[in-house]
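Heads up: the protein sequence lines correspond to chains A and B, in order.
Each residue of the first sequence is one higher than the one before, counting from 1 in the working numbering.
Each residue of the second sequence is one higher than the one before, counting from 1001 in the working numbering.
Since no wrong hints were added, every one of them can be taken at face value.
According to the in silico footprint, chain B covers these stretches of chain A (three or more CB under 8 Å from chain B):
id, region
1, 121-130
2, 187-200
3, 208-214
4, 250-260
5, 263-276
Hints in this document: simulated from the structure, not taken from any laboratory.
Just so you know, even glycine gets a beta-carbon here, dropped at the ideal spot from N, CA and C.
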Amino acid sequence: MDCTENRLLTSRRNVLLGGASFAAWAYLPKFARASDGRDPRLIVVILRGALDGLSTVAPVGDPDYAGLHGTIALTSDGAHPAIALDSFFALHPAMPEFARMYRDRHAAVIHAVATPYRDRSHFDGQDVLESGYAGPGRVQSGWLNRALEALPRGARVSSGLAVGPTTPLVLRGNAPTVGWAPVALPQADDDTAMRLVDLYRHRDPALAMALSQGLQLEKAASGDDMKRKPGDAVAQMRQVARGAAKLMAADDGPRIAALAFDGWDTHANEGGPVGRLAFLLGGLDGALAEFESGLGERWRDTVVVVATEFGRTARINGTDGTDHGTGTIALLAGGAVKGGRVITDWPGLKLGYLHEGRDLKPTTDLRAVIKGVLHDQFGLSDRVLAETVFPDSAAARPMQGLVT
Amino acid sequence: MARDSQAALVALNRFGLGARGGASGDLINASSDPRGFVKAELARPSSVLLEAPGLQSTQQLGQAVFGYQDQVKQAREAAKTAAPAETPAPGEQKPAPRRNLSLNAAATEIAGQMSEAKPADNASKPETMQPGVAAPAAKPAPQPLNVIQKTFRSEALARLQRATLITCGFTERLVGFWSNHFCISASKGELARIWAGAFEREAIRPHVLGRFADMLKAVEQHPAMLFFLDNQQSLGPDSRAGQNRKRGLNENLAREIMELHTLGVGGGYTQDDVASLARIITGWTFAGRQGQLGAPGSFVFNANAHQPGAQMLLGRTYEPAGLAQGEAALADIARHPSTANFIATKFVRHFVADDPPPALIARLRDVFIKTDGDLKALATALVDSDEAWRAPLTKMRSPYDFLVASGRLLARVPEDPGVYLNSLNLLGQPLWSPAGPNGFPDTTAAWAAPEGMKLRLDIAAQIGARLGNNIDPLDLLEFAAADAASIETRRTVERAESRQQALTLLLMSPEMQRR
Chain A
1 MDCTENRLLT SRRNVLLGGA SFAAWAYLPK FARASDGRDP RLIVVILRGA
51 LDGLSTVAPV GDPDYAGLHG TIALTSDGAH PAIALDSFFA LHPAMPEFAR
101 MYRDRHAAVI HAVATPYRDR SHFDGQDVLE SGYAGPGRVQ SGWLNRALEA
151 LPRGARVSSG LAVGPTTPLV LRGNAPTVGW APVALPQADD DTAMRLVDLY
201 RHRDPALAMA LSQGLQLEKA ASGDDMKRKP GDAVAQMRQV ARGAAKLMAA
251 DDGPRIAALA FDGWDTHANE GGPVGRLAFL LGGLDGALAE FESGLGERWR
301 DTVVVVATEF GRTARINGTD GTDHGTGTIA LLAGGAVKGG RVITDWPGLK
351 LGYLHEGRDL KPTTDLRAVI KGVLHDQFGL SDRVLAETVF PDSAAARPMQ
401 GLVT
Chain B
1001 MARDSQAALV ALNRFGLGAR GGASGDLINA SSDPRGFVKA ELARPSSVLL
1051 EAPGLQSTQQ LGQAVFGYQD QVKQAREAAK TAAPAETPAP GEQKPAPRRN
1101 LSLNAAATEI AGQMSEAKPA DNASKPETMQ PGVAAPAAKP APQPLNVIQK
1151 TFRSEALARL QRATLITCGF TERLVGFWSN HFCISASKGE LARIWAGAFE
1201 REAIRPHVLG RFADMLKAVE QHPAMLFFLD NQQSLGPDSR AGQNRKRGLN
1251 ENLAREIMEL HTLGVGGGYT QDDVASLARI ITGWTFAGRQ GQLGAPGSFV
1301 FNANAHQPGA QMLLGRTYEP AGLAQGEAAL ADIARHPSTA NFIATKFVRH
1351 FVADDPPPAL IARLRDVFIK TDGDLKALAT ALVDSDEAWR APLTKMRSPY
1401 DFLVASGRLL ARVPEDPGVY LNSLNLLGQP LWSPAGPNGF PDTTAAWAAP
1451 EGMKLRLDIA AQIGARLGNN IDPLDLLEFA AADAASIETR RTVERAESRQ
1501 QALTLLLMSP EMQRR
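Extracted from the complex, chain A is given alone in its bound form (with noise of 0.2 Å):
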């Protein structure tokens, strides 16, 4: 039996409570690269759930798409169009402030990404999206804690920020972390008790009637059913942005910082330009905004780094959603991103293109795209990335231009 969780915990929180252990990495010697005036800082936001990359950054003008997204598929028009990003993709409508970002060239899209992980489970491929390695089982440390220590003697970019309740695989590791999260008393999600009633009814229906009552009585309490709740998730996504960015802004605060969202899991309803995922994206959006007016003049030399374990099945299941799939999208936005620009190597939604006949075939993997950023705002070198940050990663080459 042991409770180190425990006493991390604590202490973490006492690092970054305390004035006097705040001070022990404020005073760590200047960036190395400060002398050119950039003061880089990275935000890694992972969307636990797999998210559905054909919905959120719509190939538009494929032909196969509409065909298979079937009622969830994005148009150019109707009521709620998505916003054009170039002539072939459109942004889902949801995300305004993602879409000004890019207009500005400070937000990318690379689509048709994955990680080197082609099954299906969310654990195993969370795994391996933060632990850098090329397959599951690796959980000692993350990506994004490698790079930190791999970082030049005397970096300033000093500890990482984990965000939320508790550090994510990608930011453990012996690079020291902070941890900081909202206080707001948080309460089960609507997906995760959807689930649980759904095994209430299987297994165990008076237990689903007495949850089901307790949830509704819960909503009717807090007024109008569909209104927005301080606690909901959208919420909660812009005041965990804004907490990050202001640690972050601080001359003294840490440079890297990694926190997730949940909810992506889209099985059923997901919804087209308006519903499920079009609420989520709506917080996500708001979560970038947050982060943009948060850093103020730091953003200039910020990135932000969206990923997700995997993607969506190409075509709706039969409960207006999408299941697990492989190929998606990963986001880039922040003053420092090359942008206006949608990277991708398109494969086609062609059946034969499909992964498995089922799923967007991944032509980018995710690994060059971080390294691409990592080599650019911290000058980690080829060789650390391919071999300690990412290892066994050398074919996956670092993305080049991705940062101005």
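Position chain B relative to chain A; hints supplied.
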């Protein structure tokens, strides 16, 4: 030997506190010999006693609380005479907010905003199971805990650690049963609060595998019970103290002894019997701060307050014999057939089903009578019965059992009781503080209520958010239920979108909620 995971679930969940995670191998051990696994704990009577460094006796704690009350009184009087000092409001010393100053300032600023946004109700309970970390920074330094709060927390921690570490948990479940049967409430006042843990350690635990009559006597003579049910105020009307102070009987304890502790409602006693027993136990009290009758905080028999003369109780005459008069009466009540029936029914209801099988009740009642209230024999007969193994797992874990079972599965020994205490408050089972002397309810309906289920889910979600990151949910499901887990539960855990969600769903699964 054949493995029976379903029987292992019964052994661990119905009789115990759930399987421990990590390297314990509880489920495997229980599945090869489920009955033996449960009964092994009965063979280790020392596992029932709770001794932890720093835990003090009722008498020591009584003196501590009297001393503390004296200090408070002196401080109050000193403050009254001294000129009231000006203390600046916490906000006045804050520098004007500035941007990009330092991380520390940023953290404090966020914390300030958040704590203002918090509902007032939470502000007084800083330790709800929140993963949030920022709030305390902006708050004024918390008051140091006084001796009563400190004691309550150490007692709670010792109990929680025992429950988390013990192999099966059957003896701890028995302690919980008897402690709830003979409950006091820590919310009665400072004495009850500081004594709540010691009461259980001294009056319940030593007798959980002993004789009912001994437990009954230890309970009814314990200062915590005498204080909780007001017997220290009860004076024999014809006693010297009663005559001098023109005060008389308080029937509270006598009534609850017969109604709740022994015979049960309808157990064959009358109002005359209540008054008679009340007279018989007049003078059962504890020594106060002056220590005139004995060491402050110890049980004493105050002959001055004792009603003189013989008393009729349940058709028997009890000759005047001071303390021995009441002890003789309790001994007879303990072996009354109504007591045997009442205890057997409650016991089977707790461990087997809300509608307890009558044949099993009858068997346990006979064991109780035949062994003159041997509680180890009673527990053994329960484990030996087929009904207890065959009945479906329909009982709901109480909030306490649910939290402990979760901690065991996650192999986390509590270092601080705060999270548990606050969760218990939230879920309606504040530790050692039931709403009335009848204790916490023991039926499925009480603990599977809509609001309770919703709160349970919220707490499970908080545990999931905090701990899910570092666990393999499928490994944990193996520890919890192995192949006794339903296909639906397995699928639900497997298909969760994150480890954190998977842990939440596992903790809320029927396999973890029902026993």
